[in-house]
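Protein chains: 2
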Amino acid sequence: MRLLQEIWCLEDALREVSRAIIHRSSYKEVPLLESVGRVVAEDILASEPVPHFVRSTMDGYAVRARTTFGASEAMPAMLTLGGAGVYASAPVLTGGAVSDEFDAVVMLEYAELLEDGLLLVSRPVAVGENIMSVGEDVPVNQALVRRGQKLSIRDIAVLSALGHAQVRVRDFKVAVMSSGDEIVPITVVPAIGQVRDINSSLVMGLIRDMGFHADFLGIITDDADLLVSKLVIALATYDAVIISGGSSAGSYDYTARAMQRVGSPGVITHGLSIKPGKPTVLGVAGGKLMIGLPGHPLSCALTAHVVAAPLLATAAEALIVKRAHFELPLLLPIASVPGRRDIVPVKITQGGICPLFAKSAAIRVLADADGFIEINEQCEGLHAGERVKVEVWR
Amino acid sequence: MRLLQEIWCLEDALREVSRAIIHRSSYKEVPLLESVGRVVAEDILASEPVPHFVRSTMDGYAVRARTTFGASEAMPAMLTLGGAGVYASAPVLTGGAVSDEFDAVVMLEYAELLEDGLLLVSRPVAVGENIMSVGEDVPVNQALVRRGQKLSIRDIAVLSALGHAQVRVRDFKVAVMSSGDEIVPITVVPAIGQVRDINSSLVMGLIRDMGFHADFLGIITDDADLLVSKLVIALATYDAVIISGGSSAGSYDYTARAMQRVGSPGVITHGLSIKPGKPTVLGVAGGKLMIGLPGHPLSCALTAHVVAAPLLATAAEALIVKRAHFELPLLLPIASVPGRRDIVPVKITQGGICPLFAKSAAIRVLADADGFIEINEQCEGLHAGERVKVEVWR
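Residue numbers (our numbering), protein chains in the order written: chain A, 639 to 1032; chain B, 639 to 1032.
What the hints contain is simulated information worked out from the structure, not anything from laboratory work. One thing to keep in mind: the hints can contain errors.
For chains that are exact copies, the list does not tell them apart, and a pair is met inside one copy or across any two.
Unchecked claim - Within a straight-line C-alpha distance of at most 20 Å, the following computed EDC-like cross-link-like pairs (lysine to aspartate or glutamate) qualify:
#: 1; residue 1: 913; residue 2: 697
#: 2; residue 1: 916; residue 2: 1018
#: 3; residue 1: 913; residue 2: 747
#: 4; residue 1: 985; residue 2: 965
#: 5; residue 1: 1027; residue 2: 711
#: 6; residue 1: 811; residue 2: 644
#: 7; residue 1: 985; residue 2: 672
#: 8; residue 1: 811; residue 2: 774
#: 9; residue 1: 1027; residue 2: 965
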């Protein structure tokens, strides 16, 4: 077992653990609206074209475009309403079907219908003007959503247009536990030396926001055998396990030792060159991901974002869509240490990014921060005024 | 009734309708984790300090700071482990309680414990060093969350730290309907001239994302009496009603006329100087908000964001927290017309913002867009290269 002696850089650790994971891809079918925010289990292609008929995009008259060429207010084209000849036309509303013999729509305001059924058109239209052809919006077989994609409200709209009332989404289940003798349930008034279990809510919230299922398996006291038996139960039922450590110094070792006992390869990395997050434990048993996060809520939250989230996405074969990178100027300088990645909570203000410095045990800064920035291993610090990429909280 | 003849600018319409709304503030209690994304119904203040005891932020020894002043490796301070005198010290783990008689913690690496219980400290600590005092993180009575605020995962963490296992959230209920003879349920294969009901999913998704409850009340054919009776039922049970119009030209009139018949003041504005969204109908009956959105999905989505969302927030007394404004350069010029606000869907790419031009009936662009930009009434258009504020989709 590699204990804290061997410190890994984040990229190496993520790659090594990802290699040991066996992807989990069970799915379930949910009603369309409930699939918002979930991870779709398969590519969904358009089985029909949209629109499925030639559709007018304006209120007006369907015509043959060439019958209007050269038309002007002084010299309107003269068509007949209805009829079957070349100069025929048909009234049509926005969204209405344009029948085969027509190839354009004249807007209402450029047509004048006389009492005898004569239609005067005062402006020419080009072929295809004011109509949407079959499949122009979505051609048949175009991918509507991609396997592994987290569905947005707009994706749901597109799926509804194609008649998908049910959607297959990933059914990836994560067991969440807290460990530490000093941790009490949130409903309990903590005695001196005790703290409420903040991390479980935090970690479960993040997992659910990723579109996965999270169950809370309880607070485990610092008892190696108990932790092992809980881990065994969790691994039997869930696709991944996340344990947040207590804040007491010994608890990381409990987590790492328990991970080592429940299966092969067990602990893969114990100790990351990130701050906060150094005591993070990463392991795999029977192909399933096990993560031990630091106990301090702020450390736990930041590590959950930069370490747990990408590994959970890998395990569930979810696509991580990098959001657009927002770069903003830093308002205060930040010192860092080469060889270590710093993750700094920040507040976004009118003028730029303000780093929030806090003791790692602080929880208030969690609510105050809009997101975080990363200072990579090669960097000795950032100057005030430098433009920096912000990762906005999930 | 002000029909489309009288076109209102968006600000005036929002202000006028907001004035006529009676705020709705019923609430319900939900388990903490289910309150993520919901709107909290009351200010919640810290009933206890965090931490509630003096806490060590390091593994080490609790000491009286002044006993270490002047200490160095060559001349360590000599303390006793345990004991009750001035030179007493006590071992403490990170997160552990520091008792009253001590005022600082010496880190483990700067202390050497000799066999006879003598503790050598090789570096001085200041008063308060490596400890967190009572309430340093969250003082008693500090606001944890504000009434009307939409709760984030981090807010939930902070609430859990203070023992809030249940949270009172706004119980604001919106009835959603589609209208139009040509609209069929998404499970039906549409005939020529028919389209599936895309807007209901879209609008319900948005309402739920705002933290409110949304129910689908069905597709209403273009029948004024039917629409009136449905509206009456909806207004009796729900806090607000949203009807998306069919794409047929006549349907907006049905919506406006029905709104006019169900209560006072009825229709407030019918016709907004925005594109898309011109035929939007806004009304109030018995203090409850009624909104008629355009039928084209893209128009419906954009109007839902810029018109419906702020009005729903007002009705529910929800705080709209403006996200940080991300300004990016525009990659293509956009023409606009003074006196009209244009809402343009955009894609955010590496280089900047790319406007997505689409016929208003298009649905594909909904999924492709990352958000939208607004071109205000005073502006004749935007140049390529101009930095523009992007509103990222909810």
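Going down the list of hints, with the structure as the test:
no.: 1; hint: 913 - 697; in the structure: between (62 Å within a copy, 17 Å between copies)
no.: 2; hint: 916 - 1018; in the structure: within (18 Å within a copy, 54 Å between copies)
no.: 3; hint: 913 - 747; in the structure: between (66 Å within a copy, 19 Å between copies)
no.: 4; hint: 985 - 965; in the structure: both (13 Å within a copy, 17 Å between copies)
no.: 5; hint: 1027 - 711; in the structure: neither (57 Å within a copy, 42 Å between copies)
no.: 6; hint: 811 - 644; in the structure: neither (31 Å within a copy, 55 Å between copies)
no.: 7; hint: 985 - 672; in the structure: neither (32 Å within a copy, 26 Å between copies)
no.: 8; hint: 811 - 774; in the structure: neither (40 Å within a copy, 37 Å between copies)
no.: 9; hint: 1027 - 965; in the structure: both (4 Å within a copy, 14 Å between copies)
The structure shown violates the earlier hints numbered 5, 6, 7 and 8.
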